[in-house]
Amino acid sequence: MNSRPLIEVQDLSKSFLLRSPLSWVSNKKTIKAVNNINFSIKTKETLALVGESGCGKSTTGKLLLRLDQPTSGRILFEGKDFARSNSKEMLGIRKKIQIIFQDPYGSLSPRRNILQIIAEPLIAHGLVSNLTDQKEKVSALLKKVGLSPDHMSRYPKEFSGGQRQRIGIARAIAVEPAFIVADEPVSALDVSVQAQIVNLLQELQEEKELSYLFISHDLRVVRHIAHRVAVMYLGEIIEEGPKDQIFNSPYHPYTQALMSAAPEPGTTSDKKRIILKGDVPSPMSIPSGCPFRTRCPLAQNICEIEKPILKEVFPTQYAACHFSKPNPITSFN
Amino acid sequence: MKPYLLSVKNLSIDFDTSDGIIRVVDGVEFNLNAGECIGIVGESGSGKSMTSLALLRLIPGPHGKISTGSIELDGKDINQIPVQEMRSIRGKEIAMVFQEPMSSLNPVMTIGDQIEEALLLHETLEKTARKQRVIEILRLVGIPNPTERLGSYPHEFSGGMRQRVMIAMALSCNPKILVADEPTTALDVTIQAQVLDLLKKLRKEFNTAIILISHDFGVISDIADRVFVMYCGRIVETATIDTIFSSPAHPYTEGLLKSIPSKNNLGRLYQIPGQVPSPSERGKGCDFFDRCTKQMTKCSQSKPHLETINGTHAVACFAINNQA
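So the protein sequences, as listed, match chains F and L. Start counting the first sequence at 8; every next residue gets the next number (my numbering). Start counting the second sequence at 24; every next residue gets the next number (my numbering).
Honestly, the hints are just simulated from the structure, not real lab data. Be careful, since some hints might not be right.
What the hints assert, rightly or not - Mimicking PhoX-like on lysine-lysine, the simulated pairs with C-alpha atoms at most 25 angstroms apart in a straight line are:
{"no.": "1", "chain 1": "L", "residue 1": "Lys224", "chain 2": "F", "residue 2": "Lys279"}
{"no.": "2", "chain 1": "F", "residue 1": "Lys250", "chain 2": "L", "residue 2": "Lys286"}
{"no.": "3", "chain 1": "L", "residue 1": "Lys326", "chain 2": "L", "residue 2": "Lys307"}
{"no.": "4", "chain 1": "F", "residue 1": "Lys69", "chain 2": "F", "residue 2": "Lys35"}
{"no.": "5", "chain 1": "L", "residue 1": "Lys223", "chain 2": "F", "residue 2": "Lys284"}
{"no.": "6", "chain 1": "F", "residue 1": "Lys49", "chain 2": "F", "residue 2": "Lys318"}
{"no.": "7", "chain 1": "F", "residue 1": "Lys332", "chain 2": "F", "residue 2": "Lys284"}
{"no.": "8", "chain 1": "F", "residue 1": "Lys144", "chain 2": "F", "residue 2": "Lys103"}
{"no.": "9", "chain 1": "L", "residue 1": "Lys224", "chain 2": "F", "residue 2": "Lys284"}
{"no.": "10", "chain 1": "F", "residue 1": "Lys102", "chain 2": "F", "residue 2": "Lys87"}
{"no.": "11", "chain 1": "F", "residue 1": "Lys279", "chain 2": "L", "residue 2": "Lys227"}
{"no.": "12", "chain 1": "F", "residue 1": "Lys314", "chain 2": "F", "residue 2": "Lys39"}
{"no.": "13", "chain 1": "L", "residue 1": "Lys286", "chain 2": "F", "residue 2": "Lys279"}
{"no.": "14", "chain 1": "F", "residue 1": "Lys284", "chain 2": "L", "residue 2": "Lys227"}
{"no.": "15", "chain 1": "L", "residue 1": "Lys281", "chain 2": "F", "residue 2": "Lys250"}
{"no.": "16", "chain 1": "L", "residue 1": "Lys223", "chain 2": "F", "residue 2": "Lys279"}
{"no.": "17", "chain 1": "F", "residue 1": "Lys332", "chain 2": "L", "residue 2": "Lys286"}
{"no.": "18", "chain 1": "L", "residue 1": "Lys286", "chain 2": "F", "residue 2": "Lys51"}
Take these sequences, add in the hints, and give me the full structure.
Structural data, given as structure tokens:
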């Protein structure tokens with residue numbers, strides 16, 4: 008494995024400005040969707056971004072493709088910052104970075120056939136010369152993702168959810184990217200179909216030396232596919248580390264709760280489960296100090312005043328908490 | 024022997040479509056005792072949601088209808104009773120929690136009024152007593168400051184809180200049976216843990232029987248006593264939770280369990296070959312025939328029926344039943 012990071016994210020933030028629907032009222036609120044996050048991904052590595060709805064994981068994915076403009080921070084691809092690049096420069100970057108979307112129904116145009124859908128990125132990047140060339144490349148891509156090239160003239164409605172996700176994957180790998188953001192690629196799929204797509208993603212990674220940012224709330228799938236895991240809470244990464252460390256000895260109390268909350272098939276309910284009180288606070292009013300303190304079983308006065316920073320708690324495992332200790336009892340079994 | 028609280032026999036549901044009549048649920052049978060929790064698990068299109076809707080006679084008409092079978096509640100077939108009488112059972116005897124806490128609440132009614140509605144229909148309580156009861160239920164399901172939240176609208180609640188309101192509404196008249204169709208699918212995992220915990224507590228305190236519909240074996244194994252696996256509208260296997268995980272018998276159940284990533288399943292995931300056949304592709308043979316690892320000639324000729332192989336463990340598969 009190459010040691011130089013392919014993608015590096017430094018102090019990346021994104022705030023959204025909320026205006027009151029009453030235009031004469033001037034109370035503007037900002038939502039800090041992503042707040043000063045840092046991570047890096049090496050070639051052929053999968054970093055999983057986990058967390059609950061609204062924690063900023065999808066926004067982070069969009070920022071990496073510049074589908075949203077970052078408020079501040081740097082995004083480096085092979086050492087070059089493109090957080091402020093113009094659209095012309097971005098065209099070159101997007102050939103290297105692609106995305107697979109969550110919703111296999113909403114992310115394919117219903118009016119275009121499979122050939123048009125998959126050939127579009129090839130045309131946009133000038134990688135095909137004529138229609139015969141297009142058909143040849145698209146049929147090779149379809150075979151690669153396990154679909155029949157005969158299906159080229161069909162429309163998305165004629166395919167099942169799993170097949171549509173394969174089409175989305177074929178479109179993403181069409182331009183031979185080095186890095187793919189996969190935003191909940193299997194969440195909308197049935198269990199048996201999920202297994203097919205997870206296998207396909209792993210095969211493609213092996214064959215094409217791809218790096219993935221795998222955004223998911225499904226911890227079982229994450230444990231299967233990831234090399235490293237970053238846990239987000241209210242726009243911040245609160246723990247990051249190698250997969251085995253995060254699953255076997257999570258350090259941050261939120262990670263511990265998350266790991267213990269997911270019911271595992273085949274285990275009875277006697278499992279010690281940490282049940283957090285209440286809901287995630289609104290991102291419009293993030294608590295002072297540690298963002299997790301309102302639900303944290305370990306919270307003390309200092310958590311309200313001083314924000315914990317990410318510290319190395321184990322070689323290459325980082326957590327942001329004043330008190331916690333690794334807790335192997337509550338880990339994901 | 025004590026009679027069952029609910030007994031479903033040979034239930035079939037047909038839909039009249041432009042492609043002809045499609046049977047979405049075919050000969051489903053199960054029994055439920057008071058205070059018991061059963062899980063129905065299956066993939067999209069397996070008929071599990073339609074089965075749950077049939078229990079409340081909520082199959083969307085005019086195209087869908089229960090074509091055969093009976094649903095006996097305390098010995099009375101609720102499929103045969105007049106609509107008026109069914110209304111007195113819905114919400115009172117059998118209540119339902121839907122999957123979508125966002126869209127199953129009325130956005131222009133306060134949650135207090137929505138919960139009170141069921142009490143107005145089914146109970147004869149004074150106004151103040153009704154209000155007390157609503158507050159009591161909201162407290163029970165874990166809504167903080169219930170007295171103040173009575174006047175809140177659904178949009179003022181988060182997803183998990185709305186699901187609690189849905190559960191509160193279903194519980195308002197102390198139903199004997201709670202049908203929960205994917206109650207935690209739309210929720211985050213820490214909130215899911217809270218809701219599952221609540222369902223367990225209700226079962227313990229009020230002896231409510233629960234029918235839990237889910238696609239997630241994890242959720243089912245967390246709360247249910249027995250599980251029914253559905254495939255293409257039919258029950259293909261039923262067993263206790265422990266048995267289904269330790270010794271699944273039907274090739275479909277086995278494949279499904281092997282395809283779930285877990286600690287001991289870290290290599291390449293098992294893939295069930297092929298796809299679920301669409302209703303028009305289903306023939307006279309076993310619906311799993313094309314994808315099955317244990318197929319025999321017999322399987323393409325007729326559909327296997329559920330047969331007991333061991334105690335409460337029953338399976339619909341010729342390959343298994345012939346050996347047993």
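Status of the hints after comparison with the structure:
1. Distance check on the hinted pair: Lys224 of chain L and Lys279 of chain F sit about 16 angstroms apart at the alpha-carbon level, within 25 angstroms; holds.
2. For the hint linking Lys250 of chain F to Lys286 of chain L, the alpha-carbon distance of about 12 angstroms falls within 25 angstroms, and the restraint holds.
3. With a C-alpha separation of about 7 angstroms, the suggested pairing of Lys326 of chain L with Lys307 of chain L holds against the 25 angstroms cut-off.
4. A hinted pair counts as satisfied when its Cα atoms are at most 25 angstroms apart, and Lys69 of chain F with Lys35 of chain F qualifies at roughly 24 angstroms.
5. Note on Lys223 of chain L and Lys284 of chain F: the hinted pairing holds, with a Cα-Cα distance of about 17 angstroms set against a maximum of 25 angstroms.
6. With a C-alpha separation of about 21 angstroms, the suggested pairing of Lys49 of chain F with Lys318 of chain F holds against the 25 angstroms cut-off.
7. As the CA atoms of Lys332 of chain F and Lys284 of chain F are separated by approximately 20 angstroms, the hinted pair is consistent with the 25 angstroms bound.
8. Using a Cα cut-off of 25 angstroms, the hinted pair Lys144 of chain F and Lys103 of chain F holds, with the two alpha carbons roughly 18 angstroms apart.
9. A C-alpha spacing of about 16 angstroms is found between Lys224 of chain L and Lys284 of chain F, which places the hinted pair at or below 25 angstroms, so the restraint holds.
10. Of the pairs offered as hints, the one joining Lys102 of chain F and Lys87 of chain F holds, with about 15 angstroms between alpha carbons and a cut-off of 25 angstroms not exceeded.
11. In summary, the hint linking Lys279 of chain F to Lys227 of chain L is supported, as the alpha carbons are separated by about 19 angstroms, within the 25 angstroms threshold.
12. With a C-alpha separation of about 16 angstroms, the suggested pairing of Lys314 of chain F with Lys39 of chain F holds against the 25 angstroms cut-off.
13. Distance hint between Lys286 of chain L and Lys279 of chain F is fulfilled; the C-alpha atoms sit about 18 angstroms from each other, no more than 25 angstroms.
14. For the hint pairing Lys284 of chain F with Lys227 of chain L, the CA-to-CA distance comes to about 21 angstroms; that is within 25 angstroms, so the pair holds.
15. Straight-line distance between C-alpha atoms of Lys281 of chain L and Lys250 of chain F comes to about 22 angstroms, which keeps the hinted pair within the 25 angstroms bound.
16. With a CA separation close to 15 angstroms, the supplied pair Lys223 of chain L and Lys279 of chain F stays within the 25 angstroms bound.
17. Pair hint Lys332 of chain F plus Lys286 of chain L holds up; C-alpha atoms about 23 angstroms apart against a cutoff of 25 angstroms.
18. Pair hint Lys286 of chain L plus Lys51 of chain F holds up; C-alpha atoms about 22 angstroms apart against a cutoff of 25 angstroms.
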